[in-house]
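**Q** For reference, the chains in residue letters:
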Amino acid sequence: MNDVITVMKLGWQYAPLVPGAKAVTTLRNVSCYVQDGDFVGIIGPTGAGKTTLTRLLTGVAPHAMAGKITGFVRIAGMNMKTTSISNISRRVGYVCQNPQSQLFCTTVEQEIAYALENRGMPLEQMRARVASIMDMLHIDALRDRDPRTLSRGEAELVAIAAVLVTDPEVLILDEATSALDSHNKRLLFAVLDAMRRERSMSVVMVDQDTSGMAQWATSIFLMVGGEIIRRTTPQIFTRERALLESVGVTVPEESSKEIPLSVAGQSAVQDAVVQFDHVSVAYPYTPSEQAPALQDVSLQLERGAFIGVTGANGSGKSTLASLLNGMIRPTEGRVLVNGTDIAKQSIGRMAHTVGVVEQNPDTQLICDTVREEIAYGPRKLKLSDADVRARVEEMISLFDLYALEDVDPKSLSYGEKRAVTLASVLAMRPPVLVLDEPMSGLDQRLSSRLMGLLERINRDGTTVIMVSNDTRTLAGYCTHLVRLDNGQLVDAGPIVRATTDQSGTGSPAVNAANDNTTSPTNEDKNEHTPAQPRTVRGTAKQKHEGTEKHGR
Amino acid sequence: MDAEFYVHGNGWLHRLDPRVKLLMALAAIVLCCVWGNIIFLAAVLVAIHVALLVDATPMRAIGRVWKYLLPFDLLVAIIWLLADHSGQDVLWQGAGIRISAQSLMTVAVVFLRIADVVWAALLMLLTTSQAKWINGLARLGVPFHAATKWARIIRWVPAFSAANVLTLREKQARGLSSRFGAYIHGWHATRKRMQWRDEQVDIAMRIRGSHMNRGTTPRTYYANVHMRMIDWVDLVLTIVVIAAVIVMIVFGW
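Residue numbers (our numbering), protein chains in the order written: chain R, 4 to 555; chain A, 68 to 320.
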């Protein structure tokens with residue numbers, strides 16, 4: 004087979020974005036080859052240079068980014084240095100880290116057709132191709148949606164469809180599946196596999212979640228510190244676990260099965276920190292046929308609990324999270340935090356009680372350097388300079404941001420941006436902490452540190468609300484679960500832990516008796532009426548007794 | 068952050084060929100600027116609102132425009148009234164202010180003219196998607212990249228406004244309590260955010276082939292713009308109305 008990608012002695016240094024900032028070298032002397040039809044997984048810790056490599060493969064760097072390049076890249080028969088990004092796109096499809104930033108058309112359908120228009124494809128052929136790819140990825144229902152109203156998971160699917168529709172020889176996915184739920188991830192890998200078999204398409208995938216690569220990839224490149232230190236097969240996940248763990252790569256579990264999460268029956272909340280009272284949210288100008296983002300959600304969350312919020316892509320998880328600090332106001336109903344209606348409070352006032360780390364770090368970054376970004380919140384809370392400094396140092400140490408302190412956060416990789424936004428909200432130490440997919444883009448090392456910190460602050464009394472589809476983490480750390488589906492509340496209550504995990508992975512197993520539905524006791528059945536809000540009850544103390552009992 | 072004037076919909080104005088709509092909007096703007104007949108100006112304002120309501124453009128969008136337009140328009144009218152000392156039929160005079168029947172009429176004309184020009188432009192902006200703008204302009208012979216640039220320029224004001232609101236909210240979510248201070252200090256972050264977004268969109272367009280060398284193959288368009296019977300009827304009616312107004316202007320009605 005022929006090499007479809009040839010990279011020789013490639014190096015890259017980003018030019019500083021703001022005067023006085025440092026130039027950052029992200030790639031050093033990288034050489035690699037990808038054969039026609041290969042599926043290559045690129046793995047490595049946050050900041051290893053994975054994104055830079057994908058940018059260089061597609062010509063985005065240096066053609067659309069300032070910096071210094073050395074070495075040589077040939078992709079699908081084209082010399083990257085002398086071929087424009089648009090002409091490279093003729094054979095190479097690229098989905099970059101932030102899907103929402105790649106969508107610019109008025110409807111999803113037009114978004115997917117855009118690349119075909121640029122190829123001069125006849126209208127009827129375009130319609131057939133667009134319909135076919137939407138059908139393959141099960142996104143027909145999104146056809147007329149405004150891309151700005153999509154959830155991150157939905158946006159990822161649309162961004163992938165917009166590239167797959169061109170039938171590329173090489174497909175490059177840079178953290179493009181980080182927000183997909185397990186169903187959509189499985190679907191995507193199946194689609195990619197079918198396309199590879201039918202058309203000999205090569206795939207280069209960068210992802211922190213390595214479970215898909217372990218199953219589907221033919222080669223693995225391990226990157227650390229801007230270099231490829233291993234070019235090997237997926238067997239690295241079994242043979243060199245220790246190496247991967249030491250550099251911060253998530254090693255997929257031997258059993259790739261999801262952990263089913265079950266919720267216990269309802270009970271009264273003693274001290275509710277958050278109350279949703281028949282809350283509905285419809286975004287402005289939403290077509291009448293489109294269901295609201297949240298529909299009639301009634302829920303109480305107990306102070307001091309560690310609550311996981313889960314559900315399929317587009318189920319309303321992020322909307323629920325954004326309600327808590329008033330970034331979104333309910334269309335109907337009330338959200339009470341500490342007994343105060345958020346509709347009657349400014350966002351600035353709410354920030355004293357609730358800190359929210361959003362899913363998309365790009366919208367949250369507001370300062371010129373990483374250090375300023377982390378210090379912004381504590382300073383606005385009027386802490387003393389010494390306290391601000393101490394909190395900034397603590398966060399820089401926690402997320403290992405020493406080398407990036409003076410760098411413009413907008414120029415960082417997705418994982419690094421995630422780390423900065425997490426640090427900037429954690430530094431404020433709010434009594435209620437809301438995290439939307441906090442581990443997305445973070446390597447194993449940073450994820451573990453983050454979860455350790457969350458566990459500690461939860462033990463100290465902070466209520467933690469974490470939106471995630473990672474059932475292993477939810478089972479491992481959360482005391483309670485809220486499950487949404489299509490904007491409606493399906494389940495809410497304490498997670499039932501019935502058996503102890505035997506695999507030694509550190510994740511307690513969870514009662515699998517009933518995967519998707521609540522299993523109320525007879526007493527609960529008698530007590531529960533539709534008008535009653537679902538409750539999430541528990542205390543940090545209770546939870547830690549539970550976790551110790553189950554050996555985590 | 069990526070806001071635009073366009074409001075999703077499928078009414079008759081949304082479906083109307085953008086070239087016909089552009090002619091209607093441009094004709095209304097030019098005629099309103101040229102002819103100061105108060106009845107004509109009022110009729111245009113009413114006609115535009117009726118057209119938008121029949122199109123089922125949300126009242127919320129119409130109300131939002133008036134929310135910003137009305138104070139501006141009233142401010143201009145009041146300043147005009149205070150500055151205009153012309154007219155024979157004096158209604159009130161004092162403290163350096165002179166209000167006559169003629170000056171009141173002039174102010175009414177100014178008020179209606181501003182409203183008409185804004186609403187005529189919005190007739191196009193509220194009901195024409197980016198894809199239809201680009202396709203419509205391309206069908207008029209405007210090169211694709213120029214049409215794309217234009218479509219992005221007309222989004223700039225709502226996009227900047229949305230980015231500024233987002234920046235303000237993000238700062239507030241991190242503890243900023245002063246709204247005024249946030250507006251003042253938010254410009255830098257908003258400008259950076261806009262610049263970043265523009266760069267991302269530019270890259271996204273390129274990685275999907277916006278500047279691809281197609282040789283002699285022309286670019287095609289998914290949002291199919293073509294003249295239907297109803298578009299021809301609307302075009303003829305627009306031309307008839309334009310001709311009638313020109314006749315009235317020439318004959319001094």
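The set of hints was computed from the structure by calculation and includes no laboratory data.
Hints are not guaranteed to be accurate.
Mimicking EDC-like on lysine to aspartate or glutamate, the simulated pairs with C-alpha atoms at most 20 Å apart in a straight line are [what the hints assert, rightly or not]:
hint	chain 1	residue 1	chain 2	residue 2
1	A	Lys259	R	Asp6
2	R	Lys84	R	Asp6
3	R	Lys188	R	Asp143
4	R	Lys385	R	Glu375
5	R	Lys188	R	Asp212
6	A	Lys216	A	Glu266
7	R	Lys385	R	Asp403
8	A	Lys259	R	Asp409
9	R	Lys188	R	Glu256
10	R	Lys71	A	Asp156
11	R	Lys188	R	Asp138
12	A	Lys216	A	Asp156
13	R	Lys84	A	Asp269
14	A	Lys259	R	Glu408
15	R	Lys383	R	Glu396
16	R	Lys347	R	Asp280
17	R	Lys347	R	Glu335
18	A	Lys259	R	Glu375
Nothing here was measured: the structure is a model prediction, and the numbers come from that model.
**Q** All the hints need checking, so say for each whether the structure fits it.
**A** Verification of the supplied hints:
{"no.": "1", "hint": "A:Lys259 / R:Asp6", "in the structure": "violated, 40 Å"}
{"no.": "2", "hint": "R:Lys84 / R:Asp6", "in the structure": "holds, 18 Å"}
{"no.": "3", "hint": "R:Lys188 / R:Asp143", "in the structure": "holds, 17 Å"}
{"no.": "4", "hint": "R:Lys385 / R:Glu375", "in the structure": "holds, 15 Å"}
{"no.": "5", "hint": "R:Lys188 / R:Asp212", "in the structure": "holds, 11 Å"}
{"no.": "6", "hint": "A:Lys216 / A:Glu266", "in the structure": "holds, 13 Å"}
{"no.": "7", "hint": "R:Lys385 / R:Asp403", "in the structure": "violated, 26 Å"}
{"no.": "8", "hint": "A:Lys259 / R:Asp409", "in the structure": "holds, 17 Å"}
{"no.": "9", "hint": "R:Lys188 / R:Glu256", "in the structure": "holds, 16 Å"}
{"no.": "10", "hint": "R:Lys71 / A:Asp156", "in the structure": "violated, 75 Å"}
{"no.": "11", "hint": "R:Lys188 / R:Asp138", "in the structure": "holds, 15 Å"}
{"no.": "12", "hint": "A:Lys216 / A:Asp156", "in the structure": "violated, 51 Å"}
{"no.": "13", "hint": "R:Lys84 / A:Asp269", "in the structure": "holds, 19 Å"}
{"no.": "14", "hint": "A:Lys259 / R:Glu408", "in the structure": "holds, 19 Å"}
{"no.": "15", "hint": "R:Lys383 / R:Glu396", "in the structure": "holds, 17 Å"}
{"no.": "16", "hint": "R:Lys347 / R:Asp280", "in the structure": "holds, 15 Å"}
{"no.": "17", "hint": "R:Lys347 / R:Glu335", "in the structure": "holds, 14 Å"}
{"no.": "18", "hint": "A:Lys259 / R:Glu375", "in the structure": "holds, 15 Å"}
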